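Peer 1: Sequence:
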Amino acid sequence: MKRKSHRNASIARLSIGGFVPPLAARWVAIFVTAILLPTPFAAKGAPSSAETVTQWSFEQSNDVNYDNWPDNWRRRQGPQYPAYLSIEIVPKSTELMEAAIRADHQFAPYRKLAEQLGMPRDWLFAERMVDRYLRVQLNGGAAVVQSPPIAVDSIYSYRFVGSIFTQGLQHDSAWIEFLFVDASGEVLATHATPKFSGDTEWTQIALPTVPPPQDAANILVRLHVQPRGEADIYGEAGFDNIRIERLPQLQVTTDQPRGLYAVGQSATATCHVSGLAEVVTRLRFRLQGPQGEALSEYEAPLDDATAKHLHGPMPATDGSAAKQTLTQSWQLPKLGPGFYRVYVDLYAQETQTHTATATLAVLEELTGQSGPFGWTLGSGHDPISRRELPQWLHSCGVGWVKYPCWLDPTDTQGADDLAWMMERLQERGMKSVGMLDQPPHELRTHNDPRTRKPLAPLLRDPTDWQPQLEALLTRLSMRTTWWQIGGEGDHSFLRHPNLADTVDEIRRELQGFGQPIRVALSWPWLDPSPNDSTGGWKAICLTENEPYTTAELDANLQAMKSDALEKWITLDPLDAGRYRLEDRIRDLVGRMLTVRRHQVPVAFISDPFDSKLGVLNPDATPGEMLLPWRTTATLIGGLQHEGSLQMPNRSENVVMSDGERAVMVVWNTTPTEERIYLGEGVKQVDVWGRSKDVATDEDGRQIVSVETLPTFLVNVHPAVAKFRLAADLQPTRLESLPGRQQTLQLRLRNTFDSALTGRFTVQTPITWDSPPQPTTVNVAEDAIVDATVDVALRSNAAIGRERVRFDFLIDVEKRLRFSIWRDLDVGPEDIQIDPSIRFDPSGALVVSVNLINLSDRQQDYNCYMLTQSQTRRHQRNQLTVGPQQQVSKDFVWDNGKELLGTTMTLQAEDRNSKRVLIYPIVIEH
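Read in order, the letters of the sequence shown are residues 0 to 924 in numbering that gives the first Met the number 0.
Everything labelled a hint here was simulated from the structure, so no lab data went into it.
From a predicted model like this one, the values you see are computed outputs, not experimental measurements.
Where a beta carbon is used, it is the ideal one built from N, C-alpha and C, also for glycine.
There may be inaccurate statements among the hints.
Derived pair list, reagent style DSS-like, types lysine-lysine, alpha-carbon separation capped at 27 Å [as the list claims (entries may be wrong)]:
id	residue 1	residue 2
1	888	333
2	888	682
3	913	888
Distance ranges between label pairs, derived from CB positions [as the list claims (entries may be wrong)]:
id	residue 1	residue 2	range
4	672	816	14 to 22 Å
5	490	746	19 to 27 Å
6	167	214	37 to 45 Å
7	841	734	38 to 46 Å
8	255	642	54 to 62 Å
9	63	214	26 to 34 Å
10	335	384	48 to 56 Å
11	66	214	55 to 63 Å
12	63	198	56 to 64 Å
13	71	255	39 to 47 Å
14	335	831	32 to 40 Å
15	490	707	34 to 42 Å
My request is simple: use the sequences and hints to build the entire structure.
Peer 2: Put into structure tokens, the structure is as follows:
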């Protein structure tokens, strides 16, 4: 006889006692199925390699006393946080809960049988099958609910996860905060989810992994539902699946804590590893350049003892045992100016298990000053002390600093440091703006702007705030005269019924402490500017939710009325999560050039520590946008916009000058080379601050490599650049009349410091006739002269835009040879012909001729397409186009690829005037 399996034997024993009813069998089957299914909260969230320290899924395990309140959590009390708001644990599905309760009731008679199968005595369908969450029902006011403290172990990094649901929130927002606090409960760092409002389905948010700050003892979780002004009467928010996870801590640091190095200074990267749970056999350093290019690497194999040390027994919770840590360093190869990333990868055999990174920047000494470009250091709790700030800001190229100055009257050390800092900023040529954004009793909210209060209501009664500021402002009045009322984006003074009187009263109260002061207000771009003639303010700082494009910023600044009120702006880089690095750099440089073009007094980055902007990391190490910002600010900050030159290969550019020095910013949509004389000793600086000498050709022209990213040409000759810009060619259009002499007039202005003498020749297209002899020019200092040149078009001259070059040889302080390029339109103004080519799937060449009538009369043309090939026939089409309309016609050649590399000619003959328009068309892919 076969022996029964252990499983079958158990079932047999259950059957000995008697007959098992079919209904009981069904209930047992339901139980077995249910017990094998994961609980709802076990399935919440994606699987993770991290270790979960604590999870609140708001199931019964989080509410052992069945009071529908999470155990050991507490809610904030106070006038703004009414106790009548309903906050409780509820099921996500009431119907499922009711069904589960009925199932538990019906299952009761068969529970003993199920327990013999291994069911826990306290097992319930209502607990096993129903998902719950913490619900906040609104009825005015706000709600904050806080978790019990969770102990922090410094050898680990932490990741925070949570899910949020909202329904009907118009004015309120819901979010989760995870706070590191010290042993006394002081907040050291805050990490918050985005804010949710309106109607939002359940959304899980996982915040980036972070190491605990120094002295962190515990983690607190705070669930917020708070209004942005008026509070919601109806609506609800839900919170669920809140997890605190810990992971091995792998940190990479550099021997300069802020990651800034001078050229020639050695740099060392160090990795610190702790809390690993797996064997690590290899450790690799990698060095990358600013755009991710691999530069160098160093691999450190780990011996068995080190690997065992890393993944050995967990340290005792009381901290008495030695914690498993490893420190490895790498002296980086010699680095030139630029931005760099150092990566450290950990391997278990051949599998990469962990990676971490640090950033550093090598700073080139650049000639110039940052002028109107500055930073707002908004919280006052940024990771750099006031004693360290002046030198660090100077190294970063900052010209203006906006800094919060509202301290507790008892904080004498803080006041001393603040006064010292303002004085050092002044000594280094930086201008400062004192910012009154939050009073001292609101300091705890500085860690996260979501909980900061608008300032206008807090300043209604001077007796509430004047005593707090008197001593401080008396000390600072000699060090800064600009004060901004409210932080960036605080528009609480907007539409204030008595704005002028209110701000003037605040200004008088502040001014009573010392020297006269000037007041600035934060103001939205899209609202009309306040009247500067009646209020006590002298400037407004314009802010927007999304950065303007270069074109939008230019248009808005162009449309802005000119008055005595200074218009400052915020100038934030584009979001790193939404745009490519190259696009962000081009956009930022373009907007900074626009700031100088319109002579904006000050342009602030609203929060340089915001990782989305990429200027700095939260720990004050450099981000990828720091050097592009610094290079641009330093090289153009003190210069005025002069204009743009016409370049041989049509690269876009902007010339900036202060009369003594000039800088050209140049870029192109495709990489190209420009040959143009710009001066002596010209250097090219890229956005990373890397400088190189520009080579010259046999004619003394610089050979400039132009890329898609802007570069800066320094040591440009200011007078030569201005001479080019001032040259004015008239007319700008020639008639397409073959053989007819037409006169070009070139107006020249002497931009040099003395009279100039010289000559020029004109280089025209080969289908034009122009005089070969040079034209002599003599221009007195500061004088203007007109020179003329006669040209004539041949019968085969093309229609469209053509380039004319004037080659100058002049004697001024020395003999200079340079060229000026100008574009001329050839042909009628009333008609536009746009030919284009393509190859269809069969390989046929299709030349499309688009005829655009810009006049108020009908036009008729015979269009001939001529080829260079003797074996290909010419083609002819008639086109008639009405006033202000356009028509298109195709010319088709089979086996069109045989024509690749040739030039076809389109002749458009006006059937009324008999004028002939000629367009050469190069056949290429």
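Peer 1: Hint by hint, note whether the structure agrees.
Peer 2: Hints versus structure:
1. 888 to 333: Violated, because 62 Å separates the two Cα atoms, which is more than 27 Å.
2. 888 to 682: Status violated; Cα separation ~50 Å.
3. 913 to 888: holds, 20 Å
4. 672 to 816: 14 to 22 Å: holds, 19 Å
5. 490 to 746: 19 to 27 Å: violated, 49 Å
6. 167 to 214: 37 to 45 Å: holds, 42 Å
7. 841 to 734: 38 to 46 Å: Since the Cβ atoms of residue 841 and residue 734 sit about 41 Å apart, the hinted range of 38 to 46 Å holds.
8. 255 to 642: 54 to 62 Å: violated, 41 Å
9. 63 to 214: 26 to 34 Å: Holds, since residue 63 and residue 214 (Cβ atoms, about 33 Å apart) stay within the stated range.
10. 335 to 384: 48 to 56 Å: violated, 30 Å
11. 66 to 214: 55 to 63 Å: This hint is violated: roughly 35 Å between Cβ atoms.
12. 63 to 198: 56 to 64 Å: violated, 33 Å
13. 71 to 255: 39 to 47 Å: holds, 44 Å
14. 335 to 831: 32 to 40 Å: violated, 50 Å
15. 490 to 707: 34 to 42 Å: holds, 38 Å
The earlier numbered hints that this structure contradicts are 1, 2, 5, 8, 10, 11, 12 and 14.
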